[in-house]
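Student: Top line first, the protein sequences correspond to chains A and B. Residue numbering for the first sequence follows UniProt numbering, starting at 1 and increasing by one per position. Residue numbering for the second sequence follows UniProt numbering, starting at 1 and increasing by one per position.
Check before you lean on any hint, since a few could be wrong.
Stated by the list, open to error - Some chain A residues close to chain B (C-beta under 8 Å, calculated; not the full set):
id, residue
1, Phe45
2, Leu46
3, Val48
4, Trp49
5, Leu134
6, Tyr177
7, Leu279
Stated by the list, open to error - If you want the ones that stay clear, here's a sample from chain B, every Cβ over 12 Å from chain A, calculated:
id, residue
8, Arg69
9, Glu144
10, Pro170
11, Gly260
12, His264
Derived from the structure by calculation, the hints contain no laboratory data. Backbone N, C-alpha and C fix where the C-beta goes; we use that ideal spot for every residue, glycine too.
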Amino acid sequence: MTAESTVIKAPGEASAERSGTGGRPGQGAKSGSDGMVLNVFSHGFLAVWAILIVLPLIWLALGSFKTDAQIGGSALSWPSNWHFDAFSRAWDKGIGDYFAHTLIVMVFSVPLTMLLGSMAAYVLARYPFPGNRLFYYFFVSGAMFPVFLALVPLFFMVKRLDMLNTYQGLILVYVAYSMPFTVFFMHSFFRTLPTAVYEAAVIDGASDTRIFFQVMLPMAKPGLISVGIFNVLGQWNQYILPSVLMQPQTGSDPERYMLTQGLIQLQYQMGYETDLPVLFAGVTIAMIPMLVVYLSFQRQIQAGLTSATLK
Amino acid sequence: MSQVAQGKGRAGFIAGFLILPLALYLTFVIWPYVQTFGYSFTNWSGQSPTFDFVGLDNYSALMKDEVFRGALWHNLLLLVFVPTITILLALFFAFMVNAGGRSGAGGVRGVRGSSVYKIVYFFPQVLSLAILAVLFGAVYRSDEGGLLNGFLTKLGLVDPAHPVEWLNQPNLVLWCLLLVVVWHGVGFYLVLFSAAMQSVPKDIYEAALLDGAGRAQTFLRVTLPLLWDSVQTSAVYLGIAAMDMFVLVSTMTSGQFGGGPDHHSEVMATVLMRNFLYFGKSGYACAMGVVMLVLTMVLSVVTLRATRRERIEF
Chain A
1 MTAESTVIKA PGEASAERSG TGGRPGQGAK SGSDGMVLNV FSHGFLAVWA ILIVLPLIWL
61 ALGSFKTDAQ IGGSALSWPS NWHFDAFSRA WDKGIGDYFA HTLIVMVFSV PLTMLLGSMA
121 AYVLARYPFP GNRLFYYFFV SGAMFPVFLA LVPLFFMVKR LDMLNTYQGL ILVYVAYSMP
181 FTVFFMHSFF RTLPTAVYEA AVIDGASDTR IFFQVMLPMA KPGLISVGIF NVLGQWNQYI
241 LPSVLMQPQT GSDPERYMLT QGLIQLQYQM GYETDLPVLF AGVTIAMIPM LVVYLSFQRQ
301 IQAGLTSATL K
Chain B
1 MSQVAQGKGR AGFIAGFLIL PLALYLTFVI WPYVQTFGYS FTNWSGQSPT FDFVGLDNYS
61 ALMKDEVFRG ALWHNLLLLV FVPTITILLA LFFAFMVNAG GRSGAGGVRG VRGSSVYKIV
121 YFFPQVLSLA ILAVLFGAVY RSDEGGLLNG FLTKLGLVDP AHPVEWLNQP NLVLWCLLLV
181 VVWHGVGFYL VLFSAAMQSV PKDIYEAALL DGAGRAQTFL RVTLPLLWDS VQTSAVYLGI
241 AAMDMFVLVS TMTSGQFGGG PDHHSEVMAT VLMRNFLYFG KSGYACAMGV VMLVLTMVLS
301 VVTLRATRRE RIEF
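Extracted from the complex, chain A is given alone in its bound form (with noise of 0.2 Å):
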């Protein structure tokens, strides 16, 4: 490859490079035209993805913008009807009330996940007592296996609880199923905590719960706003366990689908129907949040992701 081989710089030359002052553009004639090169060529190939990222997004937010014989003609074709007509009728159709049920339960069970998950990471990361590795072990295993290997007997469990088609019961089982990564997560993090402050804590005749809920939980912020962006979105985009466990029961039971499995009730919906801009801008009213939770905290989520993955 020709841009790679033209990188290749005898040592005097690297050097030379280096007892210039900072990186900036146009330094030196040679060394400044080797990295142009390359520059180009990395931005080549990486602006070729970002538009492959961007592009059917952007596309499919216009086709909200469409008629449905537009939509079905050509893909190419530019909106003709600036009007959020479709917007409006995907909110009616249950983009709506599939939002609502999807926030019913986060609202309980990313709340719900923290804390137990952070208690039982805090026991497990900072008090030893026989048997602590084989618990904590325990509870990160459960990552390892997709969720649907133990999905029959989890929807028969869930029956017999008479949980089926309820939010509590999805609320359970979500907070269950988010627990190994929660743990995990907040294992490592309660380990950096200093132990002086602990110490200080206990001398001033703080009890142990009082410890963790006023001393290290605070302490602990960082750490718990990952997990939980990382939960939320988790959470929020589980269709599995909504499409097995919220389906109504009987004909006079209500339904109460999540936002993803709504999604794909009205794609079904609106194949029957021909109106595929309701569809569009359904999963464009779906998509945005995400947008907006991601690009407020992606900071975090990438710090998150690191420290998570590379211990």
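Got chain A; can you put chain B on it based on the hints?
Tutor: Positioned in the frame of chain A, the structure of chain B alone reads:
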């Protein structure tokens, strides 16, 4: 406070903090996993409370099940291609983002706007698979309204009278799904690898540059060995994802719980789900779950063994 009293209070505290998380986790995660094994030896339908112990009948039936064997084969194909393609692309982009820029005083540096690339690339990761299914369902539409067909027609590569039926073509459908998984995953692993690359001390790169190493050499001799741990972990994660595939296959392809056309995109998870919820064969579905569980574990161990290298400390 005496030592003993403190110890006693501790035990209560530890138990109190562990009991609830543990109870939930046991009830909804561990116990179902264990039960899967038990049910796999029965002819349970799921409808009736009664069932008989049938030994290994389900497993021998699985061996003869053409659909399941096809699904297994598709999973194995995905198992090879999904991790390989995703990791290679992610490594390539991560290296471009982190070391593709001009050689400045620091020796190796990222391209301008590297943080923007990282933000954009990661975005598919926060979208749910359900959104991906609808999105790519539209991209792969089998008429000119599909983004892919639309482009190819515009370029004159596809005859508008006969657009490509991406998801209905037996020999194309699996590869179309594979592309979605790669599109979805590259950004995540790019961010992961890039973080690993940044944790490598700069002077190692400088030393390599001083010794006259080019970029290709730097990558192969310095970056890759130092990243090996992350590559290994990624291979295992992607392998587990390739064993799953349920959401995309069941929502994007034809048939009850997907798998069409004519079982050409069938994966084990869709066969399992169809047997459980559609045919009412719970015991049989559990046997499939066990096979997948065993395969997942074998896969993880084999990947970790096969890619084992001496760990480089820095």
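Student: Hint compliance check: list the failing hint numbers for this structure, sorted ascending.
Tutor: 3, 5, 9
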